[in-house]
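**Q** Spelled out, the chains give:
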Amino acid sequence: MDAVLIQLLNGLDKGAAYALIALGLTLVFGTLGVVNFAHGALFLIGAFCAVTFQKIVTISKKVLDPNITYFDAYIEQPYLEIWFGETGLAVIDYAVPLSLFLAVPVMLLVGLAMERGLIQFFYKRTHAEQILVTFGLAIVLQEIIRHFFGANPIPTPAPDIVSGSAPIGLWIGLGESFVYPWWRLIYLSSSIVIISSVFAFLNMTTFGMVVRAGMANRQMVGFLGINIERKFTIIFALAAVVAGVAGVMYAPILPPDYHLGMDFLVISFVIVVVGGMGSLRGAVAAGFLLGVLQSLAAMTAVNALLPGISQIVIYLVAVIVLLTRPRGLMGRKGVMDE
Amino acid sequence: MMMNIFSKKSAPRLMLFFAIGVLTMPIWLDPVGANYPDLLQKFAIFGIFAIGYNILFGLTGYLSFGHAVFLGVGSYSAVWSFKLLTMNVIPAIIFSIIMAGLIAAAIGYVSLRRSGIYFSILTLAFAQMFYNLAYSVLTPITNGETGLQLTMHDPRIIDNALSRTVETGLPSTDFFGISMNGYSGFYFCAVMLIIAFYIYLKIFSSPFGMKLKGIKSNQKRMKYIGSDTRPYLIAAFVISGMFAGLAGSLMAVTDPLAGAERMQWTASGEVILMTILGGVGTLFGPLLGVGIIKYLENIFSAVNDSVLHSFYSFLPQWGENLLVTITAPFVGEGWHLTLGLLFMLTVIFLPGGVMEGFQKIKLYFQNRNKPDKSNNSSEESSNV
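Line by line, the protein sequences give chains B and F. Per the numbering used here, the first sequence starts with residue 2, numbered consecutively. Per the numbering used here, the second sequence starts with residue -6, numbered consecutively.
Misleading hints may appear alongside valid ones.
Distance condition first, Cα-Cα at most 30 Å in a straight line; then the derived DSSO-like pairs of lysine-lysine [said to hold, decoys possible]:
1) B:K125 / F:K216
2) B:K125 / F:K195
3) F:K76 / F:K204
4) B:K125 / F:K209
5) F:K206 / B:K125
6) F:K209 / F:K195
7) B:K125 / F:K213
8) B:K125 / F:K353
9) F:K355 / B:K125
10) F:K287 / F:K209
Rather than coming from a laboratory, the hints here were simulated on the basis of the structure.
Whenever a hint applies, use it, and build me the whole structure from the sequences.
**A** This is how it looks when you write it as structure tokens:
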């Protein structure tokens, strides 16, 4: 029972990452009509914002180690500690959450630059060409990251105070042995907050209403004298920010390396299609669903029954869904119908 | 205007030129420094892979993102044939093509129920499935991360029955006694490429090929005029899978080991890139793309900082250092960056690939000679 619950939580965690990326993909597809294979790279850039921030705050100076007096031994001491003492150390400790302040503006800029610089020229071209050009862009971004940060995963630890595990078992009366890492809980809850705020933004603000109207009938909104293109550009930047924040928050869970984006992108794309192209709710639901399925399939009992199922369960589900419900779980009629 | 190359009279001439061109590659590629067997073999093998891919993507417009599976299946089948039956390459190739064809039929049967981006995602899903399975459940067949290799204890039934055994070390692949190393390996791949190209040419010029082109330009209309497109699509998918299987088996022929990384989706991306760069749907485009990419890969990956320094040595010291710093990320390890940029630039500016570039240049000169004939651009769409 405990094992199932743990895997359920793990699955929700993983599903949250998938859902956040898939949400951005669907937003971009629904508004701009562009199939963006470079969306995983945005997740990657977000994760590397955390890495960069951590590198910046831990820039160190060599100082004499006061504990060793027999010979001159040097240790690295971060400048922040030298200048600000305890406060500086706290900043270093909280590098990952604080890097959100770097990541959000960076992602906003990256999103705007990408849309204005490349994507806007591909509105009218075929989906195959959109896939291909963004695939090329994804390779380029990934290789740039590799050039600057190397090929190895870079550990970016969560703050000390949440590095342990939360005694979930005690809260819900399942005993002390049932624990779960704090950071994963924080990650999961913040993902839910982000997803809900995106939905709230789209459903409760005038801006969101215009965007939804634009998704339904772009031409009509244009006739009403609204500059829908600019609104869609902002939506693209928003999707980039969502992916980037997901990347930052996921960095302590999985040390980022340069092909992180591609790994998540392939699965996220499958998720978007399973959820139904253009359906935001479908993307989120399918993200969590497939994350949980993947985690449950990784359990030893399941694996003993169906060997190898954990590796392929997502793709298997995708194949079955696409063959039985061609538009995906919640796909709307008229979106990407052939 | 170029349709005449398919005519009964000129097709044999085209084949003859093609065969001579391929077989004399060691001679005419010598001046550009591409004359060594390893690279020549790659040209031929990826050439087969790319023209096979062009039968599907170029003719029908269905963008498969999982074609590397057939490459992997071909390699594994060939190595198993070497292990179990004989080191002769002919059974290995036949076995590979059959296996790749069977798997392509299975994947195609399911994936081709959908089109557009759904088809791409389905093929991608199948490819990832095979790739992941190769590392987990199918380890007895694929030997997991180590890759499938020849060993001293392989049964090799036919070889042993004919007592064609080697005394020491691992045997090498052979074609009735001719060892498949170096140039003989290349010539074998070249002959395979010529045969494959002949079939490809026939498909291009046949009514079957015309049907496939019809599917690309307007599938709905094809259905309305009463032709069921599905069997043609499946046939195209299987044929293209068999080409990939042949390419995969040739990889194993020239170097008898097979690994799952051959099936990764980046490998599928590479063949798409080659086809696009050369020119989708054109006869020679994919081969051109293979040549450009494999040649550049060969040059760019070999360059390092010291080579760059000597390359820019005519400049003053600061200029040399500056240019080395700028170009260093694009060469050696950074070859993939160049590849990605090349890919983007092609899709943005030349969606029709290098062949479209040639066509544009040609049209430009034609228009300049005949300034009164302004509406010449309509010819651009004709297939070369």
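**Q** Indicate, hint by hint, whether the structure satisfies it.
**A** Okay, the hints, checked on the actual structure:
Between K125 (chain B) and K216 (chain F), the direct Cα distance comes to roughly 26 Å. Compliance with the 30 Å bound is thereby established for this hinted pair. A C-alpha spacing of about 35 Å is found between K125 (chain B) and K195 (chain F), which places the hinted pair above 30 Å, so the restraint is violated. Our distance criterion of 30 Å between C-alpha atoms is broken by K76 (chain F) and K204 (chain F), whose separation comes to about 41 Å. Taking the CA atoms of K125 (chain B) and K209 (chain F), the gap is near 18 Å; set against the 30 Å cutoff, the hint holds.
As the CA atoms of K206 (chain F) and K125 (chain B) are separated by approximately 22 Å, the hinted pair is consistent with the 30 Å bound. Distance check on the hinted pair: K209 (chain F) and K195 (chain F) sit about 18 Å apart at the alpha-carbon level, within 30 Å; holds. A threshold of 30 Å between alpha carbons decides the hint, and for K125 (chain B) with K213 (chain F) the separation of about 21 Å falls inside it, so the pair holds. Under the criterion of a C-alpha separation no larger than 30 Å, the hint pairing K125 (chain B) with K353 (chain F) is consistent with the structure, at around 22 Å.
With a C-alpha separation of about 27 Å, the suggested pair K355 (chain F) and K125 (chain B) falls inside the 30 Å cut-off, and the hint holds. The suggested pairing of K287 (chain F) with K209 (chain F) holds, with an alpha-carbon distance near 28 Å, which does not exceed 30 Å.
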